[in-house]
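Just remember that my numbering sits 64 ahead of the position in the sequence shown, which is counted from 1.
Worth flagging that the hints you see were computed from the coordinates, not collected in a lab.
Just so it is clear, the structure is predicted and the values come from calculations on it, not from any experiment.
Any given hint could be a false lead.
Said to hold, decoys possible - DSBU-like cross-link-like pairs, simulated, lysine-lysine; straight-line CA separation at most 30 angstroms: (1) K714 to K759; (2) K745 to K759; (3) K470 to K578; (4) K650 to K578; (5) K714 to K636; (6) K714 to K578; (7) K636 to K749; (8) K650 to K489; (9) K636 to K489; (10) K636 to K650; (11) K489 to K470; (12) K284 to K152; (13) K749 to K714.
Unchecked claim - Computed beta-carbon distance windows for the label pairs: (14) E623 to S445: 53 to 63 angstroms; (15) L605 to R476: 50 to 60 angstroms; (16) N562 to I430: 22 to 32 angstroms; (17) T729 to R472: 52 to 62 angstroms; (18) T431 to E552: 12 to 22 angstroms; (19) V328 to T127: 41 to 51 angstroms; (20) N550 to R760: 38 to 48 angstroms; (21) Q581 to N550: 32 to 42 angstroms.
Built from N, CA and C at the ideal position, the CB exists for glycine as well.
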Amino acid sequence: MTLKELIGKGGELHPVRPVALGVGKGANRANNISSLETSIAFLFAALIILQATSFAVFGIGQTGKGVSICALVLHNVLAIICAWIALKRSRDVAAVFWFLFTASLVALLIPTVVGAFDSVFARSSLSESTWRVLFCLYGAPILMMLFLPESNIERLKTEVLLDLFQVAIVVTLAFTVFFLFPLDRLIPSDALARNITLSNLENSFLLIAVFIRLFFVRMKGTRSLLLRLAVFLASCAVVTYLGNWIDLHHYKSASIWFNLAWAVPYASAGLIAITWRNSSSAPVHAPNPRFIDMLGNNVILVTVLLCIAWMLTGLEHKHVMVAVFGIGASLLAFAIRLALTQYSQQRELAQRRCAQEELLAANQTITRLLDESRLETTAISQISELSSLLQACLSRDQALQVLPEKLRDLFRGTSGAIWLLNASKDRLETATHWGSGVPLHETFGPDECWCLRRARPHISFGEISSLQCTHLQPQQPSICVPLIANNETIGVLSIQDNNTSEKQTTRSDTWITKRNQLASGVAEHIALAISNLTLREALRLQAIRDPLTGLYNRRYMQEFLEREIHRCIRRKRSLAIMMLDVDNFKRYNDTFGHPAGDHALRFVGDTLLRSVRADDLACRYGGEEFCLVLPECSLQQAATRAEDIRSLLKRSHMERSADIPGVVTVSIGVAAFGENANSSKILLKFADDALYRAKRAGRDRVALTNTAESVTHAASPP
């Protein structure tokens, strides 16, 4: 496992929370870890007992000392195993922490193994001063641990490695200045005293440094690790102080027994490593960086370098060159780190600018979408209102009066028209239009419009388009949408853009995109409304018209007569009616057949339609009987018009005698609304009585109602 792999990406100094296990598995794992911790603690205790037993059994001689220091080596190895277990549990920067902690234990193992070898084989491989110098090397990884960041998010991996490289240079220079260079000029006793002093200073410095680092720590996981490190350093410092005091005062027997005390730092190192746990909860985000945190590490390193440079001013030239080279390497690492930091900042600024541009573009897109959404909402509201108005219309003409204003609001800045197919479905006629543009043609054939050919909306981009409808202005962009209802095409909705000041290509694309879908939706509503109104009018005509003659039927005549009577009463105006009957119609049918009889009835109906005014009403009363309602007409005026109708009928029949065989004449009874005929029922009764009087008098004549006779007739019981 390399150092870069240990650093990883992101995360705090403590590892990321592991994947949650099941309840049973989690409990078993916790029990296994607890059992392992108990076993490790018993092993450390057993090794301490082994050391004490060796002195008790073999004394403080060569054998007892050898067994004791071998047990001390086992203490160290067991502590390294515990640190390695913690390393395997961790990741990211926490893994670097335990890796350096393991390295510091390995640094302590080297002189311990050398001492055990010398004790067992009665040799002296290293001097007392050199042996102590090797012990002091454990502080280098510890110092590197203190300079680790709290979170990988704060720094690049390369920056962390450069920081550790700077610390390594400082440690190397400090070791050279305080240990190697002075040994050339000191006698062994002075060198031992100097190394003891520097060893005590090193432990004091590390303890002070870890407590200062704890003061600036803001993460719970980092604080937990540094507290464990402080426990280890405190045990090392206490044991080192006592051991150095014993060696300085030459208490030989106490120094051998003191090997038992050296087991305490190893035991504490193993226990703090094996009891370390993955953090149960990681912080949501790293704390905000502070300037003093970013400045502190670099200031400490530079200060130490300056102090070392000042202390080397009195040494030989070759030593000064070593110091200059080390300081130069440290400054080079610092420059590289600074360049990396600046590069990271510039890249972050570039990414931030890019993100701001993307955010601005996204805001513009959102604004555009909101505007389009508002327009669509407005259009939907207007379409809903248009649909409601069309449903409230009673006729197709009324709907065509409503459409221009609403379509002008829906399609602002446009002109347009609605063409509807005629009854023969061979031409389209202008039903209504809006805007400033007037349709080029009032009518056109279905094959002249591309949307009718394709049975789908057709888009024209103005003059640049090769497929143009001939009924529209060719220079303007346009949309033609077929009006289809119940799978039947009934017309065309055409819309043209009034604004031709912009470039055709740009304007057309924008205009078509906004209008096409809206026009299709509006066309569906218009087609359905017009189709329904046309069907309603057809059904209404079928309900009030006689299918043979085309005249109104009796039911509609009675409704019309009631309205006119109320109007006469309200406005005090006259009203007359005629009852007409075709003379000898039964004989006519028997002689010439029913088809000829139907033809004769249609002839009478056509004659009546030519004879009535716009306000009059002609209806087929039943069979061969007809009725005319004449508003604002007196009895004498009605009699004159009745005679004219009778005469016109005879003349017309003579002109069409080849088509209508036999003799077709009518008898007419005339009655007027007045004091005695004050209801529709009585008025019809008077007219019917006059009709039968005309028939009794010889037919083919006009008879007026006899008021006295009619009153008596009306008063007698039926």
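Hints, one by one, checked against the model:
{"no.": "1", "hint": "K714 to K759", "result": "holds (17 angstroms)"}
{"no.": "2", "hint": "K745 to K759", "result": "holds (21 angstroms)"}
{"no.": "3", "hint": "K470 to K578", "result": "holds (17 angstroms)"}
{"no.": "4", "hint": "K650 to K578", "result": "violated (69 angstroms)"}
{"no.": "5", "hint": "K714 to K636", "result": "violated (36 angstroms)"}
{"no.": "6", "hint": "K714 to K578", "result": "violated (66 angstroms)"}
{"no.": "7", "hint": "K636 to K749", "result": "holds (22 angstroms)"}
{"no.": "8", "hint": "K650 to K489", "result": "violated (41 angstroms)"}
{"no.": "9", "hint": "K636 to K489", "result": "violated (48 angstroms)"}
{"no.": "10", "hint": "K636 to K650", "result": "violated (41 angstroms)"}
{"no.": "11", "hint": "K489 to K470", "result": "holds (27 angstroms)"}
{"no.": "12", "hint": "K284 to K152", "result": "holds (21 angstroms)"}
{"no.": "13", "hint": "K749 to K714", "result": "holds (27 angstroms)"}
{"no.": "14", "hint": "E623 to S445: 53 to 63 angstroms", "result": "violated (39 angstroms)"}
{"no.": "15", "hint": "L605 to R476: 50 to 60 angstroms", "result": "violated (38 angstroms)"}
{"no.": "16", "hint": "N562 to I430: 22 to 32 angstroms", "result": "holds (30 angstroms)"}
{"no.": "17", "hint": "T729 to R472: 52 to 62 angstroms", "result": "holds (58 angstroms)"}
{"no.": "18", "hint": "T431 to E552: 12 to 22 angstroms", "result": "violated (43 angstroms)"}
{"no.": "19", "hint": "V328 to T127: 41 to 51 angstroms", "result": "violated (23 angstroms)"}
{"no.": "20", "hint": "N550 to R760: 38 to 48 angstroms", "result": "violated (55 angstroms)"}
{"no.": "21", "hint": "Q581 to N550: 32 to 42 angstroms", "result": "violated (22 angstroms)"}
The earlier numbered hints that this structure contradicts are 4, 5, 6, 8, 9, 10, 14, 15, 18, 19, 20, 21.
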